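Please model the entire structure based on the sequences and the hints provided.
As you go down the protein sequences, you meet chains A and B in turn.
Residue 1 is where the first sequence starts when you use the numbering used here, and the numbers rise one by one after that.
Residue 377 is where the second sequence starts when you use the numbering used here, and the numbers rise one by one after that.
Keep in mind that a hint or two might mislead.
[Unchecked claim] Lysine to aspartate or glutamate pairs mimicking EDC-like chemistry, simulated, CA-CA at most 20 Å apart:
| id | chain 1 | residue 1 | chain 2 | residue 2 |
| --- | --- | --- | --- | --- |
| 1 | A | Lys218 | A | Glu129 |
| 2 | A | Lys60 | A | Glu102 |
| 3 | B | Lys459 | A | Glu92 |
| 4 | A | Lys60 | A | Asp82 |
| 5 | B | Lys459 | A | Glu129 |
| 6 | B | Lys459 | B | Asp444 |
[Unchecked claim] Residues on chain A that point at chain B, a partial pick, calculated with CB under 10 Å:
| id | residue |
| --- | --- |
| 7 | Pro86 |
| 8 | Glu87 |
| 9 | Arg89 |
| 10 | Val90 |
| 11 | Asn116 |
| 12 | Glu118 |
| 13 | Phe122 |
| 14 | Leu123 |
| 15 | Pro208 |
| 16 | Arg212 |
| 17 | Tyr213 |
| 18 | Thr226 |
| 19 | Thr242 |
| 20 | Gln243 |
The set of hints was computed from the structure by calculation and includes no laboratory data.
Predicted model, so just to flag it, every value in this text is computed and none were measured.
Beta carbons: idealized from backbone N, C-alpha and C, even for Gly.
Residues per chain are reported as follows:
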Amino acid sequence: MITSAAPQVDRRRTTPKRVGQATVALIGNPNAGKTTLFNALTGLRARTANYPGITVDWRKAVVRLEYGATNLIDLPGLYSLDAITPEERVAESVLRGRLDGEAAPDVVVLVMDATNLERNLFLAGQVLELGLPTVVALNLIDVARTSQISTDADQLALELQCPVVPVSARTGEGLEQLKAVLSKVMLEDGCGRADIDRSCTLGCSGCPFVDRYNWAEKVAADTSHTPASHGRRTEAIDRFLTQLLVGLAACLVVMMAVFYLIFYLAEVPMTLIGEGFAWAGTAVGRLIPAQASGGLIWSSVVFVAVWSVIALALRVAGRRLSWPTIAMATVGSLLVALMSPAGYSSSCRRFASCSCFYRCWKTAATWHVPHSSWNV
Amino acid sequence: MTSSTGFGYSSVEVHKPSVEIDGQPLASVAATRVMVVSDVGAVGDDGVRLKRMGICNGRRIQVVQCGDPLIVRVAGCRLGISKNLARWIWVKPCQLCSELRDSDKVSRLQGAP
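Set out below in structure tokens:
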């Protein structure tokens with residue numbers, strides 16, 4: 001008898017929602033292309049490196065579907081729902097509706113790598129058992145085609161009992177169809193909700209991992225055909241580069257190349273930038289009278305620079321500029337510009353000159369110090 | 377019985393069975409051979425990681441390359457396993473499957489370790 005716990009989703013929180021509040025979660029193995037698909041669907045530019053486990057947090061954006069505006073969540077990659085790493089625990093919590101303030105997603109998009117179906121089917125089995133409406137996005141279909149890996153999407157849909165859409169997040173192939181299927185699943189309650197029992201959660205003999213992998217192997221064999229030549233080249237490169245001396249030499253070459261790029265090639269643009277700034281400084285300095293408006297110019301430059309840095313930081317963090325963020329960035333930049341050393345006296349003076357308080361203060365200051373430096 | 381083997385970063389938490397295991401450590405298998413896992417001695421996180429990657433009792437694996445790390449093909453993809461960890465994975469020869477890569481053969485051998 002298997003003692004593993006039955007999958008538990010907080011059902012009370014999966015009730016249908018109003019348009020604009022519905023949530024779709026992208027889940028899949030590391031490096032299956034979830035973030036690329038997220039970017040393709042939302043139009044954002046979240047960057048990710050090409051190695052597994054790079055998405056360590058989850059991000060959210062709005063995607064326009066025929067159903068209406070829907071929140072799309074990009075989760076970290078995971079191999080199974082028996083989460084043992086922090087990022088896997090985040091993904092698992094979101095999927096089960098156990099994360100504070102977040103209900104279980106209304107629809108799960110299971111992103112599967114078409115070039116490595118068997119490996120991806122292990123997680124697919126666990127996700128489908130949660131009983132949430134699920135759509136499979138069979139990603140990297142273009143790479144599979146190039147590698148002559150044939151996949152029968154209809155047969156796979158039959159085996160998994162949920163819609164399967166072949167897509168290529170990189171080229172955009174199949175994305176419209178995926179959006180249409182997502183809308184359909186959202187509109188038709190129960191559609192895409194797989195009612196399968198292949199697990200050992202309800203009691204069977206043997207190791208649950210073995211049973212699930214045996215099932216994954218069978219489904220992969222029934223729905224996909226990989227030519228014998230697939231992966232030979234990568235294996236040959238691996239065999240060559242993982243030798244002790246060759247590996248060390250290759251590592252050294254890569255490190256030297258990076259060093260060269262940083263210290264020699266980067267010198268050209270650095271010099272150009274330095275000279276450009278020097279030229280611009282000289283030109284601007286010649287045009288602007290230093291005494292009268294130096295502080296105002298400096299404050300404006302500081303304001304623009306700080307605002308740009310804040311906007312860039314928001315962009316890098318994957319946040320969109322909304323009215324509250326714009327207002328906060330503006331106020332913050334203004335404060336920094338006013339407090340900057342050169343801008344303080346002139347900006348403060350201009351601000352205060354509009355007030356009665358300044359007039360009183362100026363009278364008092366002039367009375368005490370007749371030729372104060374504040375009058376510069 | 378559970379104990380740790382190895383040092384520092386490469387330490388592996390293992391269980392030592394009271395009965396003798398049928399097979400040999402994965403670390404001692406020659407390249408290209410297809411084997412069947414007879415026991416996974418690693419427990420804890422390492423054990424769970426291995427099992428969920430497809431290295432669990434009764435599953436077929438093919439040694440692609442010997443050394444450290446050891447490269448094996450399992451569930452359609454290649455995995456690198458440290459030699460220290462591979463010492464605690466017990467395997468026996470798979471008599472029926474000569475080539476794990478061929479998915480047709482694998483499907484025919486479904487359920488036959």
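Now the hints, each set against the structure:
1. A:Lys218 to A:Glu129: holds, 18 Å
2. A:Lys60 to A:Glu102: holds, 12 Å
3. B:Lys459 to A:Glu92: Outside the cut-off at roughly 31 Å; violated.
4. A:Lys60 to A:Asp82: violated, 24 Å
5. B:Lys459 to A:Glu129: Not satisfied, since the Cα-Cα distance of roughly 35 Å exceeds 20 Å.
6. B:Lys459 to B:Asp444: holds, 5 Å
7. Pro86: violated, 13 Å
8. Glu87: violated, 14 Å
9. Arg89: violated, 13 Å
10. Val90: violated, 17 Å
11. Asn116: holds, 5 Å
12. Glu118: Holds, because the Cβ-Cβ distance from Glu118 of chain A to chain B comes to roughly 4 Å (cut-off 10 Å).
13. Phe122: holds, 7 Å
14. Leu123: It holds, given that the least Cβ distance between Leu123 of chain A and chain B is near 9 Å, below 10 Å.
15. Pro208: Holds: closest Cβ of chain B sits about 9 Å from Pro208 of chain A, inside 10 Å.
16. Arg212: holds, 9 Å
17. Tyr213: holds, 5 Å
18. Thr226: holds, 6 Å
19. Thr242: Since chain B brings a Cβ to about 7 Å from Thr242 of chain A, closer than 10 Å, the hint holds.
20. Gln243: holds, 8 Å
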